[in-house]
Structure formats: structure tokens, C-alpha cells
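These are the residues of each chain, in order.
2 protein chains.
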Amino acid sequence: MKDFVFCNPVKIYFGKKCMQHFGNEAKKHGGKALLVYGKGSIKKNGAYEKIVSALKKEGIEFVEFPGVRPNPVLSHVRKGIEIAKKEKVDFVIAAGGGSVIDESKAICAGAKVDFDVWEFYEGSKFPKEALPLITVLTLPATASEMNMGSVITNEENGLKLSMGGEVLYPKASFLNPEFTFTLPKEQVVYGTVDAISHIVEPYFNHTAEYNTLSLNIADGILKTLKTECENILKEPENYNYRANHMWAVTVAFNGLVRAGLGRNEFPNHAIEHAISGLFPDVAHGAGLAVVMPAWMRFVKEEKRDLLIRFSDNLFEKSVAYPDEAITLFKSWLSSIGAPVSLKEIGIEKENIPQIALKAYEIIKNWALNKDFYTVENIEKILEFAL
Amino acid sequence: MKDFVFCNPVKIYFGKKCMQHFGNEAKKHGGKALLVYGKGSIKKNGAYEKIVSALKKEGIEFVEFPGVRPNPVLSHVRKGIEIAKKEKVDFVIAAGGGSVIDESKAICAGAKVDFDVWEFYEGSKFPKEALPLITVLTLPATASEMNMGSVITNEENGLKLSMGGEVLYPKASFLNPEFTFTLPKEQVVYGTVDAISHIVEPYFNHTAEYNTLSLNIADGILKTLKTECENILKEPENYNYRANHMWAVTVAFNGLVRAGLGRNEFPNHAIEHAISGLFPDVAHGAGLAVVMPAWMRFVKEEKRDLLIRFSDNLFEKSVAYPDEAITLFKSWLSSIGAPVSLKEIGIEKENIPQIALKAYEIIKNWALNKDFYTVENIEKILEFAL
Chain A
2 MKDFVFCNPV KIYFGKKCMQ HFGNEAKKHG GKALLVYGKG SIKKNGAYEK IVSALKKEGI
62 EFVEFPGVRP NPVLSHVRKG IEIAKKEKVD FVIAAGGGSV IDESKAICAG AKVDFDVWEF
122 YEGSKFPKEA LPLITVLTLP ATASEMNMGS VITNEENGLK LSMGGEVLYP KASFLNPEFT
182 FTLPKEQVVY GTVDAISHIV EPYFNHTAEY NTLSLNIADG ILKTLKTECE NILKEPENYN
242 YRANHMWAVT VAFNGLVRAG LGRNEFPNHA IEHAISGLFP DVAHGAGLAV VMPAWMRFVK
302 EEKRDLLIRF SDNLFEKSVA YPDEAITLFK SWLSSIGAPV SLKEIGIEKE NIPQIALKAY
362 EIIKNWALNK DFYTVENIEK ILEFAL
Chain B
2 MKDFVFCNPV KIYFGKKCMQ HFGNEAKKHG GKALLVYGKG SIKKNGAYEK IVSALKKEGI
62 EFVEFPGVRP NPVLSHVRKG IEIAKKEKVD FVIAAGGGSV IDESKAICAG AKVDFDVWEF
122 YEGSKFPKEA LPLITVLTLP ATASEMNMGS VITNEENGLK LSMGGEVLYP KASFLNPEFT
182 FTLPKEQVVY GTVDAISHIV EPYFNHTAEY NTLSLNIADG ILKTLKTECE NILKEPENYN
242 YRANHMWAVT VAFNGLVRAG LGRNEFPNHA IEHAISGLFP DVAHGAGLAV VMPAWMRFVK
302 EEKRDLLIRF SDNLFEKSVA YPDEAITLFK SWLSSIGAPV SLKEIGIEKE NIPQIALKAY
362 EIIKNWALNK DFYTVENIEK ILEFAL
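These protein sequence lines are chains A and B, in that order. The opening residue of the first sequence carries number 2 in the numbering used here; numbering runs sequentially from there. The opening residue of the second sequence carries number 2 in the numbering used here; numbering runs sequentially from there.
A couple of the hints might just be wrong.
The list makes no distinction among identical chains, and a pair is therefore deemed to hold if it is satisfied within one copy or across any two copies.
[Claimed, not checked] With a cut-off of at most 27 Å between alpha-carbon atoms, the simulated DSS-like pairs for lysine-lysine come out as follows: (1) 29 / 12; (2) 87 / 344; (3) 44 / 3; (4) 45 / 3; (5) 344 / 172; (6) 33 / 57; (7) 86 / 371; (8) 371 / 89; (9) 58 / 365; (10) 29 / 318; (11) 235 / 381; (12) 33 / 89; (13) 17 / 3; (14) 3 / 18.
Read the hints as simulated data drawn from the structure, not as lab findings.
Work out the full structure, taking the sequences as your base and the hints as a guide.
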């Protein structure tokens, strides 16, 4: 087990009635908010109305900033920062999924500095202060509501990079499973795949030699994600299925599983970020479903025991070889409707070199193992995904 | 799944080198500390020296307050509060196990009020402010280092009661597994039993009808506790075994497992608090090892499925009846050296009525189900433990 520092101060208000606390929490952070959201699904699922009525009741002014897109882009972030500065907002409310929350974190940090926010993502600057952030989650996927990370795509160069910092933890996050009842099936599937990938990365890529706790907890979260995703697809308005799924997605990437595992690598994310950075219509979860089994095939010898453990836990069925484990995982991904090949997400063999080059840039930016994840090896992984 | 609010802001510094951060963390909280500890084991395991040298290096004054006993008592708490007030300390450092931390929390809250600290435990007052607390854990058991609870015994009436409140979360806790290398075997065993009981209570006593996540995570923590306790007993100076055990004990009772389970009852704790309140030489973990299997026998019909699940997970062996599950658990407790009968902890049949009456008082004080846990039923449970 490796040394670690763990502190996750996010206050989670969870459940059917959680929005009752919204006004009270919001007024702690000031009298004027920037309300960030996407294409307006929050006006259908009930979140918008609850937020606006609570703000009005507390006399909190707010400026709306809609239009965040999936795989949020730098140009829109910059607009948000401009508005936050001009309007002198005291805090930011992110209402939506991981894209809205990640963009809001960028606005929170960007509003406090005079330089371009992209410097945080390039790694030349580190966020030291930020506007307070409250999130209202409507799409469980990234766990951004309970962590300090943010991923943004720079559409000028197709680079999708991340930043992190303690000042980016939301002050509070509101998780009402009922807001997820209206999500399209594919978003449930992609959200689940994303959450599974947040476990897969530390599960397979860590430096601690011996860590029973993190892997045992990871096994428990993985089981819940699988069961509840299947349950939701059959019965989308079952509150308990939605609630367990939503909370499992959040807990999957709030720092707990990673504690004590030492340095984590994120190769699947690096490769997927290259894909959705270059092909912004590919959902992050869809890209991950394609990359993970291919990556597993590439590392199947060195990760043999972990692959068998992962599969035995998830599928409650003992396998003898890593190939069987990968086949089971891939079949299950297909069964819930996730793509498992590049072709299914509209990417051809000829796109591979370009993706591999971009992924290698991200590998370097994240200081991952660039001697192992060479352009050539990334191409091999992508070929397994054809 | 039930609605919940979850926020655990404790900063955990974990590992071999964690004390490097101690001075830096301490100076955030002021220039003068009260250093609370027990009978001096911290002078053998290395914690005392690390703390004192860091305080000196940072120029932080400190007053020592040793002598906390297992099952910490109100009279000693009151002395600590007097000293904290007289010396005008800015913060408190608890160096030891759960007893030292619980007593320190009492001092932190008591130092801020003019009335008697026992009023918090009786429930007539609620702690609204407290001195900042830093803990250095040397005995993994209660998870007090990462929660907001405190248990104190009033030796005037033998009542062992608890209080809780957000202001009682430690600001930071330092967990160096090496400090636990010198613990006597029985403390490892009792600490493990205590941690298991922190999972057992919400596992079996909750109101949520459906919660896959908490129970799946609980299963993972339970497995780690069992494995690492067995490993430590064989190889006490294996760092990885100690580290996984220490962190599992902390995570077992930091609020995560309980989130979403609804109202929890703590019948095993209520009965055990009666035992160790009246017989202060009984270690809390020893009392729990005696009570849990007896309590399980009493509720075996209504908790049938959960008992089988609990056992199947922990012993990786499928059982058909709850009695088999209880027998396996009891045998395992014996195998690690925990007592499983009242006789083994020096309590006779004739003591049962007195314990049952005291337990019933605690049941009422905690607002548990007093219609189910009547004096008569508590006596039945205790008779199963003979």
C-alpha cells in the first residue's frame, strides 16, 4: 500500500427531497450566481424549475449560461468566464452532467485569473483559487460532482486535456435520482461505462504491490454498476435502481478507490480523449467501451490475474484465461447497447494514425508511461478495436 | 435507498511518511496545543517523538494531558476541559486509539461551553462549536479518527453514552501503520471486532428496502478486515497487512456504508456499552465479540437472508441456514482469540438483569426500538451469550 493524502470535502445532498436544501446551501455562497447548463434537458427533468424557484425564494440573483455541449469546448468556457467576470457573480451553479460540471469548474477557476484558462489544462499554471461551485447532477457518469477534476477540449487543436486542484471540489452537490428518469437509454449505458472505466484504470494500473481494501471495494462498486444498469434498462422509472446507480457512479471516482494504490495511469482515458477530441460526436462512454476491451487484450499477459479477478467478480463465473474474461466483458458491453468497435462509432482504420498521435500527446501531457504507450503501441491497441 | 446528506471533511494523511506533514498541518490551527494520550504507549511506538519534534520545530507550545483510560471516563474528561480552558489552548492533538480520540472530542466541545460536557451525551445539548482536533492514530478500532462520534462513560452511574456533531470531525488524522507494529495481539483482535461491528450494525439494521451499493461495499470491507487480521496475527510487522487493516477499520465507520441505508439501529453497541459501562475492564471489542453472535441468534429468523449473505461473503462458503452462518462467525471469532461467551469476559448469569436494565436505558437514550429491545428481550440475548 502506498502513502496517500485523502480529503474529499464535497457535501452530498442525496435523494428525492434533496432540493429542499438547495436554497439554504446556495445562499451561503453569495447573492449572485451563474447558472450553467446544456441544451435544456434540465427544463424537462424538473431540475431547472427547482433551482430557479429556490433561488428566487432566497432572493439570489442569477445569470443563465446555457449551451454547454457534450465534450465541452474551450471557446464556450471562455465565454462563460467573460460573463462571470462581467456580471461579478459570487458563485456558479452547474446543472447537468459531467460536461456541464467540468465546464463550470473551468469557469470557476478562470474567473479568478487574468490569463487564459487553457494554461491550467496545459499544466503551465495550477488553480489556487476558484469561485464556489454547487452542482445539480442530472446525468450520472463522470463523478465530477464529487471530485476535483475537469476535462475540456480545445477545438483549435483537437486536444482534450484535464486539470485538477482542491479548489475545484464542488462545495455541495445535489443528487436527485428522479432527475435521471428521462435520460435516453444510451446515456445510461455510456454513463455506466464511464463509471466502470473510472474503476478499471486504478484496478489495473497502479503501483501498490498489495492493496486488498481498494480492490475489494472496487469489486463491490463494479457489481452495483452492472446490476443497476441492467435493472434501469428494464425498468427506467424504478427509483431504487436509479438511486443505487447514481450513487455508485459518484463513489466510483471520488478518490476512495484510488487511495493507497499509488500512481495511477489512465491509458484508456488518454486514448479515448484522443478519439472524442478528434471526433466530438463520439460520446466519452462510447469511446471507452470501444477502447477498454482492446486495451485489455494488449496487456492481457501482464494483467492476467487481475483480468480473471475482474471478470470473476463482475460475471460471477470463474474463467481460466484472460481472453475469456475480455470476451465476457465485451459481450456484456454489447448486450447493454454499448459499441465495442471503432466501426460502430464511425471511425475507420485510416483514422488510427491520427488518433494514436493525438493520444501520445495526451500520454505525454499527463506524464504517463510514454515508453510503453508509444505511438506504435497505441496503434496496435486501436487495431484491436477495429 | 433513503435520502441522506453526506460530508466527511477529515483530511487523512496516510502512510510511512505521513508525519512529515504533521507540523505544517498543526500550525494551521494555532500556536498552543493540548496533547492528549493514554498510558504512554505512544512513547514506545514512535508517535510521541514525531509529534513533539514537529511541534518544537514549528514553535508550537503544548501542554501534555496523559492518562486517558480505555472506556474513557467523564471525570478525566472534565479535568482535560479545565486544563484546556486554563491554558487557553488553540487546538487539541489526540495521540492514541479511539478512547483518546473520543475523550479529546469531549474536551474540544467542552472547552467551548460553560455547562457540564455530560449534557451533550445525555442529549440535552448539542455541540455547536469545538476546538480544532488533530489525531495521530496508533490503535485502529473505532474509526473515531474519521467520524464525528464520541463515547464516554460516566463512572458515577455506569452510563456509557455517545454524542456526535459536525464540529467534532477531526481537521486532520495521521495514520502511520508502523505505529501499530507494537500493539498486543488482543488489541488487533478487538480492534478488528469493533470495525466488523461497525459494518454489522448497518448491514443488519437499516430501513432502506433496497441498497446494493452499501452492502456490496460493506462486503468488501468485511473481507479485508478478516483477511488482514488473520495476516497480522501471523506476521505482525508486515507493513502491507497493517496498512490495509488500518485503512479498512477507518473506512468501515466513516459514514460511507451507512449513506442511503436510512435510520440505523445499534443494538449490539447498546448492549455492549452496558457491559463495559458496568465492567470497565471489558474491552469494547471483547464485549462486541460476545454480544454479536448472541444477537444474531435472537434475530436469525427475520435476518435470515442477510445472515446467509454475510457469512457467504466472509467465509467464501455457501451456507443454507442462518444457524450455520452464526456458527461459522462464532468459530472464526474464537479462532482469532476473541471471547464468545460472557463467562470468558468474567460475567456470570446473575449479572444479566443488571446489564439488561442498563442496556435498556441506553436503548432509550439512543431512541432505538425500545418495543423490540425490551429488558426481557435483552435478557434473552444475553442468555444466548452465556
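Broken hints, by number: 2, 5, 7, 8, 9, 10 and 11
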